[in-house]
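Reassemble the complex: the two chains are provided individually, in unrelated frames, and hints are given to aid placement.
Chains as they are written, first to last, in this note's numbering: chain A, 6 to 256; chain B, 862 to 1327.
It is worth saying that the hints were derived from the structure and are not from the lab.
No residue lacks a Cβ here, since even glycine has one placed at the ideal position from N, Cα and C.
No incorrect hints appear here.
Simulated restraints on C-beta separations:
#	chain 1	residue 1	chain 2	residue 2	range
1	A	ARG138	B	ASN926	55 to 63 Å
2	A	ALA109	B	THR1165	16 to 24 Å
3	B	ASP1213	A	GLU110	40 to 48 Å
4	B	SER918	A	PHE250	49 to 57 Å
5	B	GLN883	A	SER232	22 to 30 Å
6	A	ARG138	B	THR1277	35 to 43 Å
7	A	TYR134	B	HIS869	49 to 57 Å
8	A	SER232	B	ASP881	21 to 29 Å
Derived list of chain A stretches under chain B, where covered just means 3 residues or more per stretch with a C-beta under 8 Å from a C-beta of chain B:
#	stretch
9	38 to 50
10	178 to 187
11	217 to 230
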Amino acid sequence: MRVALFITCYNDTLFPQTGIATVRLLERLGHTVEFPEDQTCCGQMHSNTGYGDEAIPLIRRFVKSFRDAEVIVSPSSSCVSNIRTAWLRTLADTGDETLKRDVAELVPRVFELSQFLVERLGIDDVGAYYPRRVTYHPTCNSLRALKVGEAPMRLLAKVRGLDLVELPDARECCGFGGTFAVKNEDTSVAMLSDKMRSVLGTRAEVCTALDSSCLMHIGGGLHRLRSGVRTVHLAEILASTEKDFMHGERR
Amino acid sequence: MASAAEPHTFPQLAKRAVADTQLRRNIGNATQTIRTKRAGVVAEVPDWEELREAGRSLKEHTLRNLDRYLVQLEEAVTKAGGQVHWARDGAEAKRIVTEIAKRHSAKEVIKVKSITTEEIKLNEALEAAGIRPFETDLAELIIQLGDDVSSHILVPAIHRNRAEIRELFMRKLGLAELSDRPSDLTAAARTYLREKFLTVPMAVSGANFGICDTGTICVVESEGNGRMCLTLPKVLVSVMGIEKLVPTWEDMEVFLQLLPRSSTGERMNPYNSLWTGVTPGDGPQEFHLVLLDNRRTDVLADRTGRQTLNCIRCSACLNVCPVYARTGGHAYHSEYQGPIGAILTPQLHGMDEAASLPFASTLCGACYEVCPVKINIPEVLVHLRTRAVARSGFNMEKLAMGAAIRMFDNPGLLETAQKIARVAQRPFVSDGYITGGVGPLRQWTRARDLPAIPAQSFRDWWRTRR
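With the rest of the complex left out, here is chain B (with noise of 0.2 Å):
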């Protein structure tokens, strides 16, 4: 997290990002794409609202019957001979996953995309112990040679173009020639990552979904790079949120439908890979999954917050969010980014992390309208508004808010306030609109012009017509 003097509020940070318009074109074309490629597939399949329907109640069935699934989970992963670590917060998932790493003296890991374990900031962790994690999914590594941070639940390098890739690569893997073709530029990711899936012993993944009736875990990627760090190590840990679970094999089906209709507008997914516990001779010979709490059970206990667990990380909401497609991710200041970032960041990380993130909406209800899962996003914000103001000491909006209330409930008193402020704003008005003023005049009057109140309100007409 940034120090308390670098700006990380949303309208901070988003200042900067509007005015950067690089940025806001990369942003706008690519979610624009994904957008258009998404509702194409989507208006393929006639029982899409029924899909979406079973996926809501899917996932709310299994969180209200969490306690039970979590067990029936950690028998089946025990039974296939994986072992189940419960970790409360992030600290103690890092412990976990570091103790596991320094049992196999492994030096270096490599990683399949996790937004869980950049949640807990597992690869600082890893190196502070001098161990070096190799990001393998493609966004992933270009963020992490860049030294950047992810701006995309799902493309984490959006904020990139390709002449921004191909000159990061020159420099960071020593290229001398590389030309900002898609193909070549995956080429050589892939020439230097091939060294280190076949030496590196171990691998971190995070999981899509967990399935309770058979202890099989699911990652679902679209570069093949995540296969081979599930297979060819022979230690595989994963790390994967509580609220991951499906209750069977068959639920899959809707998920796997789901899933990437929403995310990158295809039918179907490139890798789906599923495997359950160990297999000798096939595969990772040793296989951790570590259950992480880290607040969602708290989530869990709020009527209104709990259904943010439905989440299935398909950034549907992301692209089809007005406010995230003027701003981009690093305005959210988290791993989490978009609409379900402003609802999942404070839930997860604390209001005095993310205040602002709740306000950084319209409340327009495009991202519940697209969400597979019918995540009622814009209800979540206005109820964790709610938390933000009743924990913020007294303010001006606090006192305006209250004058407000006294006044609407009072129509002798509306009306007076009507006439206070037709002759209050008499200096500021020019040919019949307010162009400048304080406070929170000031903010609106900058680029837009606000109408003055007339001589006559509709009371007032009212009356005169009778």
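If we strip away everything but chain A, and leave its shape as in the complex, we get (with noise of 0.2 Å):
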């Protein structure tokens, strides 16, 4: 299949390694995958702080760029989430009707990885290789925008080495929420804790999820904390294979 993918700008920028990782695995099951360039953001952090209308340039820009996409296809639960939740509503009061059709009429073809893996491709064993000892946070955005559900656990499940233990209150909120983690610091703050107190409970080596931007803050906690316990995109779990731990585990 021609799949065409929607890195995000945060990906692009702060975790290019999750973008590689997405491409490498998408390869080796037999895809081809594109990369329009001239793709950007998709304008969350801006809707979700109140800046809806200044978004709509941006959604303007990723229909042009994926216009003619099969699929596409994003390594970001709360990017695909806002294309698919909070998009129509911020283009509700705009008399753009040609850009509300293109944005309906693209939407079911926005994917999240993981869903795309098991639901769109009937996928759970991608044949990966993680000998690692790793806990999953289920995102707000993947957990309730886009209701993942076990998609992700039966991809883990099938990875081979991989020791796959339960997050305590897992469906709790890591306290990111984008602009809240600056906004409300201290809130924020409080959360983190708590979710680092429940990853530091499973002994996990490695911490997983869909959201390189939740990640990004528990991980960012975590190193801090000089704990050693590192956060890892699900993508780059999927995409490893034994070859990527012969010379020295570098992972």
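The structure is reproduced here in structure tokens:
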């Protein structure tokens, strides 16, 4: 299948390894990955902070970049949920009926990576190898807005060498919330400490999720504590093979 | 409301709250207990999702036809011997209630829990007119005796533990000996209140529901103190927001299932008091219904905001909210706290009072998931954020957001910005992480490290492989 990759602005800038892993994984599964180069950002930060109207040019840009795509896949549950749940709401008061129609037509073709693999392609064994003790944090957007359900767990369960441990109070928000982490710094950090306590309690080496932004929050806290526990996007775990661990265990 | 000098924005008040370990433990334990109980009893109902949908559509239907239903209710109440008063705002409602009390020469009134009267600050108005209000709901009594303010719409004294309540009762009720056993604390309150029930001539209540076809008003509570207020005094005044209507008696079937399971995690509510007008020789001989607008019609006129009026005040959203669990209710600086408070307060009291509240959420969606009448609280939060941004003047955030859009709408500019940031971050980077900085970076890095921007973006990598 021809898969158009929406990398998202923060993966492009801060977590290129997540995008690279997504490409490697999809190509290993026999798909052709395309990267429309004029894509940038879905406007989530703007709409969630109260600047919905400002985000409209970004919606227009996205539609232009991905108009011809068969499916659009992104390794980010929050950006996909922004596209799926917020865009039409953002456009409600604009008179641009063409754009509204284009968005409505495009939205069903946009997939979060794990949902694409399990629900659209019907596979849960992607042939990955990852010999680590891993816990999975279901981010709020993947859990409630996208309802990814068991998809990530089914994928993780099939990864060879991986020891999957359940995260206590998994459904609790980590306290990121985009600009919330800065505007309500104290509350955000209080939520983060509880999430870190849960992660550390599992004695996992790696905490994974479907969203680099939540992982940036949890990982940033764990790094400050010098805990040694790392956050790794699910795409990177799924892209890993035995070859990656042959020379000096780099992950 | 606090004076301008006192901290009153959510971040300011929350800062104080999250540092209070006792408070965090009290709130955390209490919300966790109710949360678990609620989840258990909701899971027992096979058609819970259909019930939620029924609740939502009933509320929506009623609100769409509110003009007609209000008139129907007025007619039914009047026919049953009650008197209906219309109050455009809090000031009008307070004047109406105070005048009724004066006409009956009431020096004291007893009250059964009503957040609506807190919303309009009725107690202050009564006191100013020389009338002493006595709260009879146990938690409200604790708040009143302690000169405190409510921190939860259903459990107003949730921030207090038993030891604190024991100490307060001993001091305020003049008791020499008292244990902190809940039954002993309740008995002390009962002794204190009993005399009021038997002597005070007038009661003021809130209303959970107003049934339009029969003119019946309903108050739902757990202690029976409310039942005493609603039946013993000669005069009963109920203050009800105009959004509390349900069209018919049959519709109560839906709400009396949704409410107790969502609020206290009980299958059935202990005391459901319903009364219709007056009955000679039984119960209050004079009944007044004050129908309060207080900006509710403005909320109704707002397409996205109007779903807020579906709220049946169950508090499920507070108990499940991760923000509320850490900050407690006082951080919301309102009689309505938690997620529902974050959307209701700015709409009822105006953005001047509450511009920081729509931002007091990570938009995690747990509130929407549990809401028995399906209020999409995250959607309304975002809607109100837009309104808060629109009314704020020029500031750094607006400047930065505008710059970000120009950058994101131009891939070349985004790449240039990435390159500049890579250089600019250098003084702050150690071992691949940023651990300090200025502006928003400082707020982030106080407790969290931030990964530094790596040398190669995804875009760069994509180009190299072709």
